[in-house]
Amino acid sequence: GAVVSQHPSRVICKSGTSVKIECRSLDFQATTMFWYRQFPKKSLMLMATSNEGSKATYEQGVEKDKFLINHASLTLSTLTVTSAHPEDSSFYICSARIAGVTDTQYFGPGTRLTVL
Amino acid sequence: AQSVAQPEDQVNVAEGNPLTVKCTYSVSGNPYLFWYVQYPNRGLQFLLKYITGDNLVKGSYGFEAEFNKSQTSFHLKKPSALVSDSALYFCAVRDYGGSQGNLIFGKGTKLSVKP
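So the protein sequences, as listed, match chains A and B. Quick note: the first sequence uses this note's numbering, first residue 9, plus one each step. Quick note: the second sequence uses this note's numbering, first residue 574, plus one each step.
If you are wondering where the hints come from, they were derived from the structure by calculation, not from laboratory data. You may find that some hints are simply not true.
As the list claims (entries may be wrong) - Per label pair, the in silico range of CB-to-CB distance:
| # | chain 1 | residue 1 | chain 2 | residue 2 | range |
| --- | --- | --- | --- | --- | --- |
| 1 | A | Ile-20 | B | Gly-602 | 39 to 47 angstroms |
| 2 | A | Lys-49 | B | Lys-687 | 17 to 25 angstroms |
| 3 | B | Tyr-612 | A | Ser-97 | 17 to 25 angstroms |
| 4 | B | Gln-644 | A | Thr-88 | 38 to 46 angstroms |
| 5 | A | Ser-62 | B | Pro-652 | 41 to 49 angstroms |
To be verified - In silico lysine-lysine, DSS-like type, Cα no more than 27 angstroms apart, as pairs:
| # | chain 1 | residue 1 | chain 2 | residue 2 |
| --- | --- | --- | --- | --- |
| 6 | A | Lys-49 | B | Lys-595 |
| 7 | B | Lys-650 | A | Lys-50 |
| 8 | A | Lys-74 | A | Lys-50 |
| 9 | B | Lys-680 | A | Lys-49 |
What the hints assert, rightly or not - Covered by chain B, according to a simulated footprint, are these stretches of chain A (three or more residues, beta-carbon under 8 angstroms):
| # | stretch |
| --- | --- |
| 10 | 51-64 |
| 11 | 113-123 |
Bear in mind that the values here come from a model prediction, so they are computed numbers and not experimental data. A virtual CB, placed ideally from N, CA and C, is assigned to each residue, including glycine.
Based on the provided sequences and hints, a complete structural model is requested.
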């Protein structure tokens with residue numbers, strides 16, 4: 009149980025285009041999902057917290073107009089990187105917390121974004 | 574502010590030997606502590622957590638961790654390492670300062686188990 013999927017697993021795009029990454033909780037409902045960014049050999053940096061049916065909460069320094077987050081249902085959150093640039097290239101990981109259970113987060117497999 | 578520290582960038586162990594991956598924490602209240610493992614180009618997998626109760630917590634894949642309040646540590650241990658345990662290990666603490674209870678991660682420790 010507690011499986012989280014991400015799609016796509018890998019994406020390559022041209023500079024200036026937008027890319028959407030999906031995060032799904034497959035066997036549970038997630039009122040809260042988190043989006044992280046991980047640089048090579050670095051820890052995870054929390055970008056934003058996504059709550060179903062409300063606006064995401066962004067961490068300091070994260071541009072909300074560039075990283076659009078939509079949590080439209082209890083099983084799906086999306087991250088859209090708008091007008092992507094090479095410096096946005098990274099490994100993006102989502103996690104989900106089971107509704108009513110507030111401690112453990114379950115992570116997706118990650119999405120490798122490469123912007124040319 | 575809550576934080577965790579993983580003092581070792583890399584730990585090298587021979588297969589069959591015990592392993593320890595260190596983690597110390599700093600929190601203002603009772604800590605919620607976690608260990609996650611990450612294999613190359615993959616997301617994080619939950620190993621174990623400490624909320625309350627027994628100081629020795631048993632988790633997945635034969636791993637365990639000992640909560641030590643006096644030393645503010647939560648070291649990850651396994652009695653006999655496997656080559657397949659080679660991965661990146663993250664210690665994390667729940668952020669009480671955040672409104673959503675997100676996790677604060679250490680920088681990670683690369684575990685290398687040689688045959």
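Q. Hint by hint, which ones does this structure get wrong, listed from lowest number up?
A. Structure breaks no hint.
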